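Listed below are the residues making up each chain.
Protein chains: 2
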Amino acid sequence: MKYDLSRQPTKGAQRTLSAFSSAMFDLLELESFETISVNEICERCDYPRATFYNYFDDKYDLVNYCWYLLATEIRVDEAPQLSPNEILVTYFDRLYQFFDHHKRQMKAILKHNQVDETLVASFTNYLKQTVRKIFRQIFAGLQLNIPAELLVTQCSATLLNLIEWIFLQDEPTTLEEAHRYLSILIGNSKKVVMPGLVQSID
Amino acid sequence: MKYDLSRQPTKGAQRTLSAFSSAMFDLLELESFETISVNEICERCDYPRATFYNYFDDKYDLVNYCWYLLATEIRVDEAPQLSPNEILVTYFDRLYQFFDHHKRQMKAILKHNQVDETLVASFTNYLKQTVRKIFRQIFAGLQLNIPAELLVTQCSATLLNLIEWIFLQDEPTTLEEAHRYLSILIGNSKKVVMPGLVQSID
DNA sequence: TTATAGCTTAGACAAGTGTCTAAATTTAAT
DNA sequence: ATTAAATTTAGACACTTGTCTAAGCTATAA
Numbered sequence: 065m066k067y068d069l070s071r072q073p074t075k076g077a078q079r080t081l082s083a084f085s086s087a088m089f090d091l092l093e094l095e096s097f098e099t100i101s102v103n104e105i106c107e108r109c110d111y112p113r114a115t116f117y118n119y120f121d122d123k124y125d126l127v128n129y130c131w132y133l134l135a136t137e138i139r140v141d142e143a144p145q146l147s148p149n150e151i152l153v154t155y156f157d158r159l160y161q162f163f164d165h166h167k168r169q170m171k172a173i174l175k176h177n178q179v180d181e182t183l184v185a186s187f188t189n190y191l192k193q194t195v196r197k198i199f200r201q202i203f204a205g206l207q208l209n210i211p212a213e214l215l216v217t218q219c220s221a222t223l224l225n226l227i228e229w230i231f232l233q234d235e236p237t238t239l240e241e242a243h244r245y246l247s248i249l250i251g252n253s254k255k256v257v258m259p260g261l262v263q264s265i266d
Numbered sequence: 065m066k067y068d069l070s071r072q073p074t075k076g077a078q079r080t081l082s083a084f085s086s087a088m089f090d091l092l093e094l095e096s097f098e099t100i101s102v103n104e105i106c107e108r109c110d111y112p113r114a115t116f117y118n119y120f121d122d123k124y125d126l127v128n129y130c131w132y133l134l135a136t137e138i139r140v141d142e143a144p145q146l147s148p149n150e151i152l153v154t155y156f157d158r159l160y161q162f163f164d165h166h167k168r169q170m171k172a173i174l175k176h177n178q179v180d181e182t183l184v185a186s187f188t189n190y191l192k193q194t195v196r197k198i199f200r201q202i203f204a205g206l207q208l209n210i211p212a213e214l215l216v217t218q219c220s221a222t223l224l225n226l227i228e229w230i231f232l233q234d235e236p237t238t239l240e241e242a243h244r245y246l247s248i249l250i251g252n253s254k255k256v257v258m259p260g261l262v263q264s265i266d
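Which chain is which? The protein sequence lines are A and B, in order. Residue numbers 65 to 266, in this note's numbering, belong to the letters of the first sequence in order. Residue numbers 65 to 266, in this note's numbering, belong to the letters of the second sequence in order.
Check before you lean on any hint, since a few could be wrong.
Same chains, same label: a pair holds when it works inside one copy or across any pair of copies.
Stated by the list, open to error - Here are the simulated lysine-lysine pairs, BS3-like style, with alpha carbons at most 27 Å apart:
{"no.": "1", "residue 1": "Lys175", "residue 2": "Lys123"}
{"no.": "2", "residue 1": "Lys197", "residue 2": "Lys175"}
{"no.": "3", "residue 1": "Lys75", "residue 2": "Lys167"}
{"no.": "4", "residue 1": "Lys197", "residue 2": "Lys75"}
{"no.": "5", "residue 1": "Lys175", "residue 2": "Lys75"}
{"no.": "6", "residue 1": "Lys75", "residue 2": "Lys171"}
{"no.": "7", "residue 1": "Lys192", "residue 2": "Lys171"}
{"no.": "8", "residue 1": "Lys66", "residue 2": "Lys171"}
{"no.": "9", "residue 1": "Lys192", "residue 2": "Lys175"}
{"no.": "10", "residue 1": "Lys167", "residue 2": "Lys123"}
Hints in this document: simulated from the structure, not taken from any laboratory. This structure is a prediction, so every number in the text was calculated from the model and none was measured.
Assemble the whole structure, with the sequences as input and the hints as a guide.
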């Protein structure tokens, strides 16, 4: 990303960022990400190519910014003070809620972009990276019988894989049923219990 | 892939396929996949661009063929008659063996291609897809308390994530230690026990 | 109001991509 | 060894990509 998101954007910059991300979201519902060109993006929002390259490195960079916008909505950054097991369910619920809310948009995008292609992978990967950060913080102070990074990977993968199965592979599942699956996958038990914890700390 | 791999390739075609894949393997040790161009590949193995496009759609297609060549070496396709838990460990061992054997090549490639970039993702993804096929077959006839596809995803993700951690994140781990981690991640117990199975069938 | 610093933009650039044609060459089967 | 079918190849094509320059615009602070 060429534009520095950390500082307060000017009114003009905000307008430009919105225009490009909206154009991308629009185009993703119309065609495959592969076939979208920078020219096409610029035409759609009536900005010159030079401006595009002032803000983004390439279309991958822009789509990444789009994921950043979506992720903000999931409130993945707000970490409540809860036990690891509760956190797991809490974040699962937020993801579930988000995908449920954006069902229509997701379905439209999936029409032109297969689940196994770059686009969807880049989205779920973005979310996975965000969820990893949270788990990394949570596991930092705990006594584990397995390296923390491994557990971080396992938990975020389990969460995202289940979400992906329900919403991207389109296997309608109630939140209750999803919780049952989650507990089986995470802990091989009836309750959600983290693997690798030396003692349960619910 | 434009060339039909299912039929017996002619001597010439075999030579061409080898030349292109070798060129790609060579270049991956010299620079990042992103910066490799089709022109460069063709120059390195002295074939005209037109020939490249006779065989492959693009460089992603070629690198995919490279993964196919590697995967054959792992013998992922030979499925022995074993219980699900034994299969899990068997395939983990094969992957472990393969990566251990190709340590040098992997390290060289990782020097120019970061773990989080497209190239490495495309490789581990290829392996994941291959491992998925095996688990799908294994779980087909079993009684599970969770949809089979979910379990397939979970098991292959756990396997590949552990392998990735050991070899691509470069966390040297003995096979014994790896088995211990695997059992914790898969079953939250001292032994490797699959989650989701209605009854243990060791 | 007016500098001035920072953006925005048009257009050119070198390089890459994937497709196509028609000629040259190779292959496999008689 | 001959021949018909299939493949390979050179070169051209239209198009995309990312960079760069120099001219234009705009916002803010004196």
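Which of the numbered hints above does this structure break? Of the numbered hints given earlier, those the structure breaks are 3, 4, 5, 6, 8, listed in rising order.
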